[in-house]
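S.K.: Residue numbers (the working numbering), protein chains in the order written: chain A, 1 to 309; chain B, 310 to 586; chain C, 587 to 943.
Please note that a few of the clues may not be correct.
Claimed, not checked - With a Cα cut of at most 30 Å, we get these calculated DSSO-like pairs of lysine-lysine: (1) C/K731 / B/K408; (2) B/K320 / B/K540; (3) C/K731 / B/K390; (4) C/K766 / B/K320; (5) B/K390 / B/K320; (6) B/K434 / B/K408; (7) B/K408 / B/K390; (8) B/K390 / B/K434.
Calculated from the structure, these hints are not laboratory results.
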Amino acid sequence: MTDVPAAPRSTRAWLLSDRPQSRAQARLGRAYISWLRFASNPLALVGLAILLVLVLVAAFANILAPHSPTAGDLAGAQLLPPLSPGYLLGTDDQGRDILSRLIHGSRLTLTVVLLVAVITAPVGLLVGTVAGYAGGWVDGVLMRITDIFLAFPKLVLALALVAALGPGIENAVIAIAVTSWPPYARMARAETMAVRHSDYIAAVRLMGASPVRVVLRHVMPMCLSSLIVRVTLDMAGIILIAAGLGFLGLGAQPPSPEWGAMIASGRRFILDQWWVATMPGMAILIVSLGFNLVGDGLRDSLDPREAGQ
Amino acid sequence: MRPLLHVDDLKVSFPTRSGLVEAVRGVSFTLGRERLGIVGESGSGKSQTGRAIMGLTPPQARISAARLEFDGIDLLSAPPKLRRSLRGGRIAMVLQDPKYSLNPVMSIGRQIVETLRTHENVSRKVARERALDMLAAVQIRDPARVFDLYPHEVSGGMGQRAMIAMMLVAGPELLIADEPTSALDVTVQLEVLSILDRLVADRGMGLVFVSHDLRLVSSFCDRVLVMYAGKVVEEIAASELGNARHPYTRGLLNCMPTLGTNRHPLPVLDRQPEWRL
Amino acid sequence: MSSTTMSESVRAGRPFHVRAWPVAIGVLRFAGVVITTFLGLLAVTFFIGRVIPVDPVLAVLGDRAPASAIERTREAMGLNLPIYQQFFIYVRQALAGDFGTSVLTTHPVMSDIARVFPATIELATLGTLIGTSLGIPLGVLAAVKRGTLLDQLVRIIGLIGYSVPIFWLGLLALLVFYAKLGWVAYPGRIGIAFEYSFTPITGLYLIDALWQGEWEVAVDVFRHIILPAALLGYFSMAYISRMTRSFMLNELGQEYIVAARAKGLSEARIIWFHALRNAAVPLVTVIALSYATLLEGSVLTETVFSWPGLGLYITNSLQNADMNAVLGGTIIIGSTFIGINLLSDLLYRTLDPRTRA
Ligand SMILES: Nc1ncnc2c1ncn2[C@@H]1O[C@H](COP(=O)(O)OP(=O)(O)OP(=O)(O)O)[C@@H](O)[C@H]1O
Ligand SMILES: [Mg+2]
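The following block holds chain A by itself, in its conformation from the complex (with noise of 0.2 Å):
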């Protein structure tokens, strides 16, 4: 019991060590100043906490979801206003309990998210570090291309590749990660092309190792921090853009209970019936304020030079 108080203390002393003995000890340290920093930002510990309760909520959905998110009471229940005994947020038009939806509808946005940044992340960081770090005609070919798709409207050119690959909840997915790589790329690039010549990676060389273990082992960990908090910014606007092909009725299809799907689906009462389209809305809001809050508070911790911009 005594020594209980002690011994959090001196873990973080241990942390906090400027004479780290070994290197796991160095990197913890390191991972622990970060926290600190991004512990000491309120508005950061919010969005932790939203996207928290969005993952309990999507693992936990069968349990937590008072209804079925997919069958209603046509009958007793339909269009019925937040707070009715027994639905909390209200009733949609088929009966559905409004809030059930938006519990089962939590799996299909972080789906959405995660299959997009598990694509995205590791295309961007391939693309950008290998033209950073061969250079010439290869850099000049891969960048050309990566700005072509920079230079896209993004949700038209999704609007027009899921026209094409037809409507669905998959197609979406393709559809955004086919439009999202390219600021991962030049990123990468960018932070490739700064640490190519250092002496480090020179030392690397000298040492024999082939310019893939160069990459693979030392150029991409070095992009890896700035790469994550980029990605948290921009899954954001991955869910607005899987909100919105769901709005005009190209994501999941009903009776899914995807968020932007369940606007478009309240829209025709919304004059009368508000909460059917306001609830899903509000839902979006959260969960990408969430991810924009978490992210910014990661690149004030992770990189110091930007803090407080």
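Chain A is fixed; fit chains B and C with the ligands onto it per the hints.
M.R.: Same frame as chain A, now just chains B and C with the ligands:
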């Protein structure tokens, strides 16, 4: 002759996360129409002293003085408007690096004219004439051409001359030069210094010359203040420098290389904690 | 609309940025970049229209068309030719402004677009004007009063702008300002009373009505456009104020600001002239990007407000699988993007003497 500037027990400190940083800790001196040098190592508070006189102390800093007076005007209690009219009008300051101290998107001529028209009610045409004269006075050969150039189009030495012109065009009585030549090449340094020297002498200005180069200061000024850790540790006539008493001043003098003597090992500046007191 | 997309080209480097080269080479490189980007745009739309669909003919005719019709159409569309020749023909047609015929309206896509595009331009322009005229002062004040309540407020307004779905906010705005308060008109660009009596010249109704001295029409047009324009203006403001703040903080920390103070200039002149004039250089790119994004955002906004512009045209065509119209609209918006980028780059050069040759 009545002194131009009275500084008595000037203190400047910055509240920071790791506590109060005392940049200037009680500096006192008076200045007539003469040339005063301030030397000291980096961080000794030279610039903050100069900026306090100019009224350019950052807003978060705390500033106090028993007396801070320019030509009978109490600077610390002067209204901001009066303070502003003094800046550039009667007290001017030349900054260290012309590359960063000139507005990159304004032509040099416009920047000079701007100072003039801020302090004097003159027509555009007259202002232009005076700016061209001023450029000629800092020995720029083709003033009309340089007038329309942008800062990135001129060399460092030329930029520093333009900056001197910009600061002196309104005819100030006191000039604070904060390491005005340390960003320049040695040969250019001498040129710019001699221009500065002439202007100060011709116009009878008071000069506060900040530098960390003791030799430069002693050849250029009448009197020298030696600062260490925010305090004046010694005040001495430039000609008397050889008889400096304070060990820190002697240390600074010792660090200067002299021809014909072999100096191994190189001397290291000695710093004693008790000098801070 | 995602506002993060707007910032990304700025952060990641401007697409058309070409370093200081001798003028002739600079112009050539510049033209090369623009042309490859345009060809890239066409390649992508070509790919979407001709390669992704299992059979483009069925996409045009529907799957119940007789076999002879299918064969005829296949030849007419040049689908028997090798793919590079098809692309060559496609580029030639696109350059001539021929994007095929819209299945929905039965008009050539190009003439449809020419009819609806001014509505979108008018909306996006007014939105950008609103966003710029509010965003720049707010951003400057937030930077000058850094850390104060005002700064926090600007930050929160910006964050919400980055996070809110535009179509949803549009619906709520309609609910409040049209249905409940009755302050604005809806739907469309102009009331039925004037729809047939008013003959536009430029297609920008607000300007046309004022030009012709039709005050009643102007008021009616204004009541129609103000809500969607204010909405777009909010998004543009969120982005512009945030970037202005960050550029201004950067400028205010520069040494030339100290020099300007040493000259005795007023704080107002230092902030609004010296610092802002320098911040304006990167801001040009930001405003251009924001304009481009509003054009794109029109797809969702116009749907909500029944605004008869290019965005609504594209979504209507989408719903009817009218690929010619969708891709034609995509090319036009993409080309406008390229044009705006080009313009902003030229403007950047005139604003920054350091990039002039
Ligand atoms: N904005 C600030 N916040 C906190 N401390 C500051 C600030 N500006 C200056 N200081 C501190 O004040 C002290 C004196 O700074 P000053 O610029 O006057 O030094 P200096 O003698 O001019 O040195 P140098 O030769 O390097 O120019 C330094 O220790 C510096 O760290
Ligand atoms: Mg200094």
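S.K.: Sort out which numbered hints this structure fails and list those numbers smallest first.
M.R.: Number 4 - this is the single hint that the structure violates.
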